[in-house]
Each structure stands twice: as structure tokens, then as C-alpha cells.
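Line by line, the protein sequences are chains A and B.
For the first sequence, the residue numbers in the UniProt record's numbering are 1 to 306.
For the second sequence, the residue numbers in the UniProt record's numbering are 1 to 297.
Be careful, since some hints might not be right.
As a list, the in silico DSSO-like pairs of lysine-lysine whose alpha-carbon atoms are at most 30 Å apart [claimed, not checked]:
# : chain 1 : residue 1 : chain 2 : residue 2
1 : A       : K111      : B       : K284
2 : A       : K111      : B       : K228
3 : B       : K284      : A       : K165
4 : B       : K198      : A       : K15
5 : B       : K198      : A       : K219
6 : A       : K280      : A       : K165
7 : B       : K138      : B       : K198
Source of the hints: derived by calculation from the structure; they are not laboratory data.
This structure is a prediction, so every number in the text was calculated from the model and none was measured.
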Amino acid sequence: MQQRVQRLRQFRRDKVLVALGLPGAIALILFQYLPLLGNIIAFKDYQPYLGINDAPFVGLRNFSFLWDGNPEFLNALVNTLILTLVQAVFVFPIPLALALLLNSLAGERLKRLLQSVLYLPHFLSWVIVIAIFQQMLGNAGMLNTFLVQNDFPMIHIIGVPELFKALLTTQVIWKDAGWGTIIFLAALSQVDQEQYEASAVDGANARQRLWHITLPSLKGIFILLLILRLGDSLSVGFEQIILQQGPVGTDSSEVLDTWVYNNGIIGGDWGMSTAAGLVKSMVGVLLVIGANKLAHLFGEQGVYQK
Amino acid sequence: MSTRPIWMEPPNPLVQLVKSIALGIAVLLVIVPFWSVIATSLADQPTIDASGGGMVLWPGGVSIGAYKAILSGGVVTRALTISIAVTVVGTLFSLTATSGLAYWLSGRGTFGARPMVLVVLGAVLFSPGLIPSYLVVKQLGLLDSWWSLILPVMVNAFNVLVMRAFFQQLPPELFESAAIDGASSATVLVRIVLPLSKAVLAVMGLFYAVGYWNAFFNAMLYIQSTDKWPISLVLRTFVVNQTTIGGDQVGAGAEAMPPQLPLQMAILVVALVPILIVYPFLQKHFAKGVMIGAVKG
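The task is simple: from the sequences and hints, build the whole structure.
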């Protein structure tokens, strides 16, 4: 009773604050939590004209893609995993290399200027990035126009299924490698300068300092980024792929996200696509938790504390 | 790092050269495409013909015909107007909602703040899923409405946490003295907290604005009528998918139809320019803003 009175008094005192926060709270609940509940249709035979409530429960039937070897789903899964692996190997080290290069430049001014140029592509939408790539590397693009005019054979890069994954990876690097340096540069500026000085006194050369001081002090941030990426590892550039899927066909370009879109919203198989999306996000959460545990085992901080 | 520490050996010129070349290539890979897009958008018919119908690096004969054509009414002009309106309204909504929510949650012992923080944290962790999100937007009757481009992405839970952290590190004496002077919570927010949070508001506002301007997927998902298209959908249709731009799709102010490629590149440029304009402002603040996020998030 007394608690309730106190709460009421608290509410009276804070009602303006609550009112200020309410629009944001409602938006989050409507567009983040309501869809979470909406995942219920993964267990239903949902049809758009029936509505969510009237759709009959079908148990785990929608999850059949998990065990019946649905070839399209399997293809999407394999493509996703390949892309994750390729991007982890090729995309991850480049921002680190760029950051080290930028950091070893003497002039602060020049460094800033280069940084601003390199960050820029990050702020462009995928539509713009892809349009630019087409104009540069497409069959009628700058590279091929130059080759043809100088009597060289054309190089087909865009719209070729075999090269699609390489193209996606290159685009990701072009767009975000510069932006990726920001966190490494911040970490580099935190490295204790006295360590460098002490090691120099002990006779370490530049390469040894890089190897024994700089890189180890980036280890924590590196692991943090890897964990964060792991949680996203089943999401590999949805907009980027859906925009370029047309000419290459789904065999080489379908990934889990595009499969959910094509199979659900385009194909009308709502229940199964929702089920796939649900499995995907649950695997993502599990991966983050698992990776974080692993980080703790290695004595690193990880994303959150134990 | 501007002055070399005394213990550091003088740089090896060969190594410096290799490093400079590597960085130079990286920078050129970014600049050349931009330059070429702009140059082509300004090229006239003979220049385009001379390049075999492809992109140019230098517009021999300069013509602003392409810009005249797309900006004098018609599909592109309308899409630009829509994108500008969505970006401005969306950013205002986002900033109001985000700072309001963050302000509510920043007080210690404020009514309802503790459970709500958990709600926000949960929203950071779990993504809602494509199809259920689509169904919610549909159920709310937002399909084919510009609100579908704003409301679902209006509040970014992570941004709320960043802003809350920022508010919490403001000195508590400020709030106490304001309360003694009889200021209400709303007055404190508008008169004291927000003016002190300009940097974080600027970064967040610009990030939100860039998001609204670039919105492609939500537009593709939710906007059905072609006359409601924002610029990203126009870009996809006429530039990425290379649909021919007809005379009836540009405004009456176009005297003669310019060649297709400069038209396409001009659309690309007008989609780019707002980003290039806000970019310097963004730059000034984002290192700081991003770091607040990285440290406190």
C-alpha cells in the first residue's frame, strides 16, 4: 500500500519526463517488439487475407526446411557461409592495414585529409555504390570502354555468376574499409607512448615495435570486432545483393536474407520464411553469446561482462 | 605524432615511398569514380560520342542540359522533393523521440526508467525479422505511405543508450540548481540539457539524416506507387537497372533531350550531393560521437 502511494507520488513528480520519453518508447515497442511477437506466424499457416489470429497453428511444419533438405534453402545457406568466410578473410585485415599506414604518416593535417576521403564511401547508399561500380567496371563502363578503344578484349566483371562473390567483397571493401579504420586509429592513439620509448631504448627497431607493442595492444579491439561480426555473420549485405541479383541468377547470389524476402514477400510463403528468419536471428544471438564466452576464456573483455 | 619522438630513428625513404604509394592508390580508388561521375554528368553529346558512349574523365564540352532536364519537374524532381521531406521530417522526429526517451531514462530513480532501460537493451540485441516487420507496417495501415519510411526507423535503440550515457555525465549540480529555481523537467531539457548536448545531437541528427536519405530497402518494401518513390528507387530504376529515361519523365523545362548517360549520372550526382554537403559537418563531430558510442555503449 505504502509502496503504491510512493509510486503514485513518483509518477506525479515525473509525469512530464515520462511524457517526453513516451513517443520513443512507443516507437520501439511497436516496431521492435511487436514484430518479435509476430514471429508467431512461424508456427502458423499464415495467409494475408486471414490475419494472424485466425491462421491455424501448424506446429513445426514451417521449419521443415531445416531437415528435409530444401535445395533452395541449402543453396542460400551455403552461399551465406561462403560469403561470411570470404569477407572475414579479405575484408577484416584491410582496415587494420590502412589504419597502420595512416598512423605511421608524419603529418597530422595530411592524415586528416586522407581520412576524410577514405571515410566518404561509407555514407553512400548501396544504390549509389552499385551504380558507381557499374559505371566503372560494367560492360559499357569506363574500364571496358578503355579496353575496347585500345583493342584489348573486354573483361566481364559485372553480371557474371562466377565472379559475383568477389564483386560483393570488393564493393564492401570499397565502401567500408576506410570507415573501419576509425576504431583502430582510436585504439592506436591510446597506446602508451612510453612503451615505445622504453622498447626503443632496449634496442627494438620499428618492425619489432609494430609486432610486439602496436599489434598486441590492438588485440582487445580486434577480438571485440570479431565477436560483433560473428553475431551478424548470417547477414551478408542484403540491399547490396538484392539490387544485383537480377542478371546473375539466384544460384550464386541467393543468401538467407534474400531467400526470406524472395520466398516470403515475393513468393507468398509467409510462414516458412518467417521460420527461417527466426532461426537465423536465434543462431546470431547464440553466436554472440558463444563468442563472448570464448573471449572470456582467452582472458579478454568481450562485448559484455560475465 | 606531428613531431617525431627523439628516440625514433629517421624514416627509411624507401619504406615511406611504398607507404605513400599504397595510400595514394587507396585515395585514388575513392576519388576517381566520383570525379568521373561528375564529369560525365556535365559532358555534352560530342564528348560522350567521342568516348564511345562511355564515362569520361574530362568533360570536353560542358553542358548542364542533363541537370536542367531532371530538375525542371518530372520523376526525378518529385523524388528529390519526397526524399528531402522524408529526411527533414524524419530527422526531426528521430531527434525529438530519441532525446526525449534518453532524457527519461537518464534520471536515477525516475518513474518507470528501470524497466524501460531493459526494453531498450532488448531492442539493441534482437532484430525483429523482415516478414513480421512488414506485417506490422501493413497492419498499421502504413503501406504505401511516407510514414513507413520514417516511423519504423525513427528510434534507434543504440542511439538512445549513447545519448542517455551522454546526459548522465552532465554535472548533477546543474539539475539541482535548476530545480531550486523552479524549472520543470521540460524546461531543464530544452534550456539546459539540449544546448549542452549539441555535439552529440549533431552527430546523431546527421547519422539519422543520412539513413533517411539513403533509405532503399524500406522504400522498396513499403512504397508501391511509383509516384511516391524517393530518390533511391529512382536511382535503382534509371541508373542501376538502366531503364531508359523518356521525354515524358523529365520536366517541361528541358529544351532537348540530353543523352542518356549524362542524365543517369546527373541523377546519381543529385543523390550524392546532399551527403557531400553534410559530410564536412558530420566529419567535425563524428570521431567524438562514435567514440562516446564505443566507450559507453
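Structure-based check of all given hints:
1. A:K111 - B:K284: Roughly 14 Å between the alpha carbons, so the hint for K111 of chain A and K284 of chain B holds.
2. A:K111 - B:K228: violated, 43 Å
3. B:K284 - A:K165: violated, 35 Å
4. B:K198 - A:K15: holds, 25 Å
5. B:K198 - A:K219: Outside the cut-off at roughly 33 Å; violated.
6. A:K280 - A:K165: holds, 21 Å
7. B:K138 - B:K198: violated, 36 Å
The earlier numbered hints that this structure contradicts are 2, 3, 5 and 7.
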